[in-house]
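Asks: This is what each chain is made of:
2 protein chains.
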Amino acid sequence: MKLVDMTVTEYLNILESDAPAPGGGSVSALSSTQACDLVSMVCGLTIGREKYAEYEEVCKEVQKEVKALGEELYAGIDKDTDAFNKVAAAYKMPKDTDELKAARSAAIRAANVGATQVPYDTVRLSLEGLRAMKKMAGQFNQNAASDFGVAALSFLTGARGAWLNVKINLPGVKDEALQAQFAKAEDMVAEAEALAKELYEGVRDSL
Amino acid sequence: MKLVDMTVTEYLNILESDAPAPGGGSVSALSSTQACDLVSMVCGLTIGREKYAEYEEVCKEVQKEVKALGEELYAGIDKDTDAFNKVAAAYKMPKDTDELKAARSAAIRAANVGATQVPYDTVRLSLEGLRAMKKMAGQFNQNAASDFGVAALSFLTGARGAWLNVKINLPGVKDEALQAQFAKAEDMVAEAEALAKELYEGVRDSL
Chain V
2 MKLVDMTVTE
12 YLNILESDAP
22 APGGGSVSAL
32 SSTQACDLVS
42 MVCGLTIGRE
52 KYAEYEEVCK
62 EVQKEVKALG
72 EELYAGIDKD
82 TDAFNKVAAA
92 YKMPKDTDEL
102 KAARSAAIRA
112 ANVGATQVPY
122 DTVRLSLEGL
132 RAMKKMAGQF
142 NQNAASDFGV
152 AALSFLTGAR
162 GAWLNVKINL
172 PGVKDEALQA
182 QFAKAEDMVA
192 EAEALAKELY
202 EGVRDSL
Chain P
2 MKLVDMTVTE
12 YLNILESDAP
22 APGGGSVSAL
32 SSTQACDLVS
42 MVCGLTIGRE
52 KYAEYEEVCK
62 EVQKEVKALG
72 EELYAGIDKD
82 TDAFNKVAAA
92 YKMPKDTDEL
102 KAARSAAIRA
112 ANVGATQVPY
122 DTVRLSLEGL
132 RAMKKMAGQF
142 NQNAASDFGV
152 AALSFLTGAR
162 GAWLNVKINL
172 PGVKDEALQA
182 QFAKAEDMVA
192 EAEALAKELY
202 EGVRDSL
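Quick note, the sequences are listed as chains V and P, same order. In this text, residue positions in the first sequence follow this note's numbering: the first is 2, and each later residue adds one. In this text, residue positions in the second sequence follow this note's numbering: the first is 2, and each later residue adds one.
Read the hints as simulated data drawn from the structure, not as lab findings. Fair warning: there could be bad hints in the mix.
The list makes no distinction among identical chains, and a pair is therefore deemed to hold if it is satisfied within one copy or across any two copies.
[Claimed, not checked] Derived pair list, reagent style BS3-like, types lysine-lysine, alpha-carbon separation capped at 25 Å: (1) K135 / K198; (2) K185 / K198; (3) K68 / K198; (4) K52 / K93; (5) K96 / K175; (6) K61 / K136; (7) K102 / K175; (8) K96 / K52; (9) K93 / K175.
Sequences are here, hints too, so could you generate the full structure?
Replies: Here you go:
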């Protein structure tokens, strides 16, 4: 059963259980999905109100962006758990002969690439979400200021949390070129941290 | 319908909608609930394994603590939305006579106290969660290191996000003694930030 089809309670119960997945990777993707939804809500509470007419254009543009990002991040919630389960399945492959050993090693490597790609994408999409937020900073219905701030925090947790998942899976990727590609997430996290700090503190100090 | 009884997809759809609640308050409570569940999972992946026998005692203690904190935070997911809806309902009360006006003002104040108490409790419980994590830092199954790190990040988003919700509701509380009490959350957030930074960076730099 897909995580997103479970009730929130069922999802939390399986998260708490000793099953290693879902774990921090799915939580990171869910964190940034919620961030997209909060930004979309803040835009929705601004668009179409005479008082905020001057913010209408930027809010429409950002809402469109975060809806698209949110769809990808939403898919990542289950993708991360599926990718982890593939790694676990590969480790359980037989290793009785040299041929089986080689097949098992190849499967483990391929599964590790998948389990690194998913959180790498979460880092990338979370950073894009924060860049979109930056465009509309201060230009929205101020009754929703706390929601805007929580969105920035949630994108940050999504980016940093996914970065930990990239790091833990990176050694299993083996391929040096791919490892170098995935390691670029570190710079994305640094940019996400700077943006989230600015956006969060902007809201906090306005209240 | 309670948020926790919805599917994850339904919850995300209502979060994204123009309904002001659920919003950042429920997201903050859910963030820290997930943090409790991740810590509990990390403990579960450590307890009962010969290799980690020396960590067994501290993991059992912390697991018990985060399970209790998690129950309160889980209740906060719906409590926050309910509290917001009470504020909105109070504002819709009639104000045709002086008596009705007075009753409406009293209802608004009472509802604002409720809407501040819930995120205040989320800040407090999130800090307790981080204090519990600190006890077991480095003393768990290292295969779950990223999950431990994501837990610290999620508690931080819960604490900071709830603090924004305390701040936005604080002016409506009116009562100065209560306002001073709720404002104590600021120091709790500062402690949570220091703890989360230490725990997150500890994991990040170990990977």
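Asks: Which of the numbered hints are not met once you compare them with the structure shown?
Replies: No numbers; nothing is violated.
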